[in-house]
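Mind docking chain B on chain A? Use the hints.
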Amino acid sequence: MTQETTYDRAAENTPRGRTPSVWSALPGFRKSWPGLLAMAVLALWCGLPGLNFLFTLDTLLHYIDAVLPPIYGKGFFTDLLHMNYVVNCLIVGILVRNVVGVPNSWEPGLTYSGIFMNAGIIMLGSQYLLSDLVKLGAVSIIVMIFMVFGGALIFTYMGRWAKMGDSMTALLAAGFSMCGVSACIAISPMVRSKSEEVAYAIAVSVTFGLFCLFALPFLGHMIGMTNDAFGLFSAAGLPYSNQVIATGFNYSFEAGRVAGFTNIGRLVLIPAGVLFIYFMTLGKEMHSSSVSFWKVLREKFPIFILGFAIVWTLNCLKVWPLPASEAMGRVMEWFFSLSFVGLGLLTKLSDLKKAGAKGVVVGYVAGSLRIILCLILIYIATKMGMLS
Amino acid sequence: MGDAIETNQDMSTEDLKKVEAVADEKQRRHRVDEYMAMVIALGTVAVLWFLQYSGFY
Numbered sequence: 001m002t003q004e005t006t007y008d009r010a011a012e013n014t015p016r017g018r019t020p021s022v023w024s025a026l027p028g029f030r031k032s033w034p035g036l037l038a039m040a041v042l043a044l045w046c047g048l049p050g051l052n053f054l055f056t057l058d059t060l061l062h063y064i065d066a067v068l069p070p071i072y073g074k075g076f077f078t079d080l081l082h083m084n085y086v087v088n089c090l091i092v093g094i095l096v097r098n099v100v101g102v103p104n105s106w107e108p109g110l111t112y113s114g115i116f117m118n119a120g121i122i123m124l125g126s127q128y129l130l131s132d133l134v135k136l137g138a139v140s141i142i143v144m145i146f147m148v149f150g151g152a153l154i155f156t157y158m159g160r161w162a163k164m165g166d167s168m169t170a171l172l173a174a175g176f177s178m179c180g181v182s183a184c185i186a187i188s189p190m191v192r193s194k195s196e197e198v199a200y201a202i203a204v205s206v207t208f209g210l211f212c213l214f215a216l217p218f219l220g221h222m223i224g225m226t227n228d229a230f231g232l233f234s235a236a237g238l239p240y241s242n243q244v245i246a247t248g249f250n251y252s253f254e255a256g257r258v259a260g261f262t263n264i265g266r267l268v269l270i271p272a273g274v275l276f277i278y279f280m281t282l283g284k285e286m287h288s289s290s291v292s293f294w295k296v297l298r299e300k301f302p303i304f305i306l307g308f309a310i311v312w313t314l315n316c317l318k319v320w321p322l323p324a325s326e327a328m329g330r331v332m333e334w335f336f337s338l339s340f341v342g343l344g345l346l347t348k349l350s351d352l353k354k355a356g357a358k359g360v361v362v363g364y365v366a367g368s369l370r371i372i373l374c375l376i377l378i379y380i381a382t383k384m385g386m387l388s
Numbered sequence: 001m002g003d004a005i006e007t008n009q010d011m012s013t014e015d016l017k018k019v020e021a022v023a024d025e026k027q028r029r030h031r032v033d034e035y036m037a038m039v040i041a042l043g044t045v046a047v048l049w050f051l052q053y054s055g056f057y
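Note that the protein sequences, when read in sequence, are chains A and B. Numbering-wise, the first sequence is residues 1 to 388 according to this note's numbering. Numbering-wise, the second sequence is residues 1 to 57 according to this note's numbering.
Bound conformation, chain A alone:
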């Protein structure tokens, strides 16, 4: 049976009616407020940047570090474990989800964490000038092209070697090479994935990214990466935008700023990457395929990047003075804090079991190879003087 006839059969049975409004996909405020309130309270308790409340986790950790004898002259939590607002928000969220549990009433509100992340990325535009584009634009685009398409090739060949099946291979390639959850979902109908395969691929990419989120800053500090290099490294190496931003800010504010900026390059490449993976994994069927480039571009292009472009352009034109730009940077960090708490509260560690041994091994090995490829590219870029 060809792909066209399979989809035609599905289309014949699809009831014809009005296409539902996109806004109907968003849960209403009545359903969402418990989850939103929980995220806000937990983010406040973890310690929002710029708000010096007394009874926060951040204050407590600083107090313990001040009371305990220093280890090699450094505080245990703040200096050695790098426990900052990013790690605090994530760990508290993960602990609440996996130890205490999350009531069902929170779930609709927690899905807003993606909105706060996107809002933070848009506001990140207020922290860049034209000089940042000149400094990082070319190198980030080159690295991202290598990582998106090279990463997809690594996964395709690893999947073939492990005899994983085309749809699972394509899902893992999309999840790791582009943008985790959204890329997996975008490609799933094109490669005829089963719903459980989509869940497996998402689980593997998200848990791998979570591991990297905590491990990569240690690696970066160990090999002495600069903020620019680490920001680009986290944007190119990690599979999920939330985790990219969290890893960058976990390293330093400057690295987070660079990670957010260079991540835009990867988001722009999503439509091209989706098509590339589709043709790589199902190449033999491409002649009978009805996949349209323009349709994929229209449906998968992340339009919130236009918001980033508007804010960045206004900032480059110096429409607002520096104090306003600083205030925008602070509010951006609050949006990210809310998003990190939400990310933690949505992380189910038990999902890893669902992925199965083969999926986890292939995903983690290929993901690690991608990280190594990324390190090599960044090393070459640094040696060529394209990156500080």
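Since the hints were derived computationally from the structure, they do not count as laboratory data. Worth double-checking, as some hints may not be accurate.
[To be verified] Below, computed lysine-lysine pairings styled on DSSO-like, alpha-carbon distance capped at 30 Å:
no. : chain 1 : residue 1 : chain 2 : residue 2
1   : A       : Lys-358   : A       : Lys-348
2   : B       : Lys-26    : A       : Lys-295
3   : A       : Lys-31    : B       : Lys-17
4   : A       : Lys-163   : B       : Lys-26
5   : A       : Lys-348   : B       : Lys-26
6   : A       : Lys-318   : B       : Lys-17
7   : A       : Lys-163   : B       : Lys-18
8   : B       : Lys-26    : A       : Lys-31
Here is chain B on its own, set in the frame of chain A:
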């Protein structure tokens, strides 16, 4: 690899419809998240700009 393609080609219409419906739903949610983020972020930028312009900080 070919086995997997054949296996998934055996998916019933119901299975295909389920996967497509889930993907459509997630795609719509993804889009509306982007619209909401643009409204929230651009609104916040406008408010902070106005407050600064009015001399609040």
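Outcome of the hint check:
1. For the hint pairing A/Lys-358 with A/Lys-348, the CA-to-CA distance comes to about 20 Å; that is within 30 Å, so the pair holds.
2. Between B/Lys-26 and A/Lys-295 the CA atoms are separated by roughly 17 Å; this keeps the pair inside 30 Å, and the hint holds.
3. Proximity of A/Lys-31 to B/Lys-17 is assessed by CA-CA distance (about 28 Å); at most 30 Å being required, the pair is judged to hold.
4. With a CA separation close to 29 Å, the supplied pair A/Lys-163 and B/Lys-26 stays within the 30 Å bound.
5. Straight-line distance between C-alpha atoms of A/Lys-348 and B/Lys-26 comes to about 19 Å, which keeps the hinted pair within the 30 Å bound.
6. Distance hint between A/Lys-318 and B/Lys-17 is unfulfilled; the C-alpha atoms sit about 50 Å from each other, more than 30 Å.
7. Only pairs whose Cα atoms come within 30 Å are accepted, and A/Lys-163 paired with B/Lys-18 is accepted, the gap being roughly 26 Å.
8. For the hint linking B/Lys-26 to A/Lys-31, the alpha-carbon distance of about 18 Å falls within 30 Å, and the restraint holds.
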